[in-house]
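Line by line, the protein sequences are chains A and B.
Each residue of the first sequence is one higher than the one before, starting from 190 at the first, in the numbering used here.
Each residue of the second sequence is one higher than the one before, starting from 45 at the first, in the numbering used here.
No lab work stands behind these hints: they were computed from the structure.
Just so you know, not all the hints are guaranteed correct.
Said to hold, decoys possible - Computed Cβ-Cβ distance ranges for the label pairs, DEER-style: (1) B:Lys112 / A:Val201: 46 to 52 angstroms; (2) A:Leu228 / B:Thr64: 22 to 28 angstroms; (3) B:Gly105 / A:Glu203: 45 to 51 angstroms.
To be verified - Subject to a maximum C-alpha distance of 20 angstroms in a straight line, what follows is the list of computed EDC-like cross-link-like pairs (lysine to aspartate or glutamate): (4) B:Lys121 / B:Asp98; (5) B:Lys104 / A:Glu274; (6) B:Lys121 / B:Glu107; (7) A:Lys204 / A:Glu274; (8) B:Lys100 / A:Glu297; (9) B:Lys104 / B:Asp128; (10) A:Lys200 / B:Glu86; (11) B:Lys96 / A:Glu274; (12) B:Lys100 / B:Glu86; (13) B:Lys96 / B:Glu86; (14) A:Lys200 / A:Glu297; (15) B:Lys121 / B:Glu60.
No residue lacks a Cβ here, since even glycine has one placed at the ideal position from N, Cα and C.
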Amino acid sequence: GAGVSQSPSNKVTEKGKDVELRCDPISGHTALYWYRQSLGQGLEFLIYFQGNSAPDKSGLPSDRFSAERTGGSVSTLTIQRTQQEDSAVYLCASSRAGGHDGELFFGEGSRLTVL
Amino acid sequence: GNSVTQMEGPVTLSEEAFLTINCTYTATGYPSLFWYVQYPGEGLQLLLKATKADDKGSNKGFEATYRKETTSFHLEKGSVQVSDSAVYFCALIRYSSASKIIFGSGTRLSIRP
Numbered sequence: 190g191a192g193v194s195q196s197p198s199n200k201v202t203e204k205g206k207d208v209e210l211r212c213d214p215i216s217g218h219t220a221l222y223w224y225r226q227s228l229g230q231g232l233e234f235l236i237y238f239q240g241n242s243a244p245d246k247s248g249l250p251s252d253r254f255s256a257e258r259t260g261g262s263v264s265t266l267t268i269q270r271t272q273q274e275d276s277a278v279y280l281c282a283s284s285r286a287g288g289h290d291g292e293l294f295f296g297e298g299s300r301l302t303v304l
Numbered sequence: 045g046n047s048v049t050q051m052e053g054p055v056t057l058s059e060e061a062f063l064t065i066n067c068t069y070t071a072t073g074y075p076s077l078f079w080y081v082q083y084p085g086e087g088l089q090l091l092l093k094a095t096k097a098d099d100k101g102s103n104k105g106f107e108a109t110y111r112k113e114t115t116s117f118h119l120e121k122g123s124v125q126v127s128d129s130a131v132y133f134c135a136l137i138r139y140s141s142a143s144k145i146i147f148g149s150g151t152r153l154s155i156r157p
């Protein structure tokens with residue numbers, strides 16, 4: 190489809206394992222965001238990519254979290270040595286022109302469960 | 045820094061009741077303001093927006109007016125329906141070369157038939 194695609198939709202992993210979450214933004218969108226949504230909580234900003242600018246990593250909760258965006262398109266969020274508190278839905282969103290018009294298009298999220 | 049504060053939920057109303065979900069913001073300059081909605085089992089989607097003071101955004105019977113004097117963008121609907129049950133997020137963005145959108149904590153709305 191033409192929307193933001195995230196994979197996997199569900200991931201169950203054991204504590205201490207590494208996980209990778211993938212986001213395919215809408216073609217042509219220059220801005221890409223990762224958010225985390227824990228059960229019953231709001232959106233926690235993680236990282237923001239805008240074109241060729243250095244990413245805004247100010248929301249990453251620890252150095253176990255990292256993200257990259259290859260070729261200005263697909264992004265991967267990596268969580269190393271997962272902990273139970275990492276369990277959440279990880280949302281990716283993309284937008285045109287840095288999101289200046291404010292309309293973000295969200296994927297359906299990747300639900301991560303750390304046992 | 046920039047921030048958004050919204051009323052805590054959950055909010056429970058009867059069908060056809062009047063809805064207000066409060067949202068206030070802190071920002072330098074002139075941000076644009078948004079309401080996003082997350083229906084059960086779905087991704088977030090833009091509900092409405094306003095880009096300058098006194099603008100009114102509207103969609104699906106919902107309205108919100110950008111009030112610079114009170115730094116507010118309250119969401120209102122005159123007669124809610126069961127299908128409006130969702131989580132509502134207020135958000136802002138400031139226009140700059142590296143701006144990012146900032147969300148409030150969300151307000152869960154439940155409508156009783």
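A quick look at each hint next to the structure:
no., hint, result
1, B:Lys112 / A:Val201: 46 to 52 angstroms, "holds, 47 angstroms"
2, A:Leu228 / B:Thr64: 22 to 28 angstroms, "holds, 26 angstroms"
3, B:Gly105 / A:Glu203: 45 to 51 angstroms, "holds, 47 angstroms"
4, B:Lys121 / B:Asp98, "holds, 18 angstroms"
5, B:Lys104 / A:Glu274, "violated, 37 angstroms"
6, B:Lys121 / B:Glu107, "holds, 6 angstroms"
7, A:Lys204 / A:Glu274, "holds, 10 angstroms"
8, B:Lys100 / A:Glu297, "violated, 29 angstroms"
9, B:Lys104 / B:Asp128, "holds, 10 angstroms"
10, A:Lys200 / B:Glu86, "holds, 18 angstroms"
11, B:Lys96 / A:Glu274, "violated, 39 angstroms"
12, B:Lys100 / B:Glu86, "violated, 26 angstroms"
13, B:Lys96 / B:Glu86, "violated, 29 angstroms"
14, A:Lys200 / A:Glu297, "holds, 14 angstroms"
15, B:Lys121 / B:Glu60, "holds, 9 angstroms"
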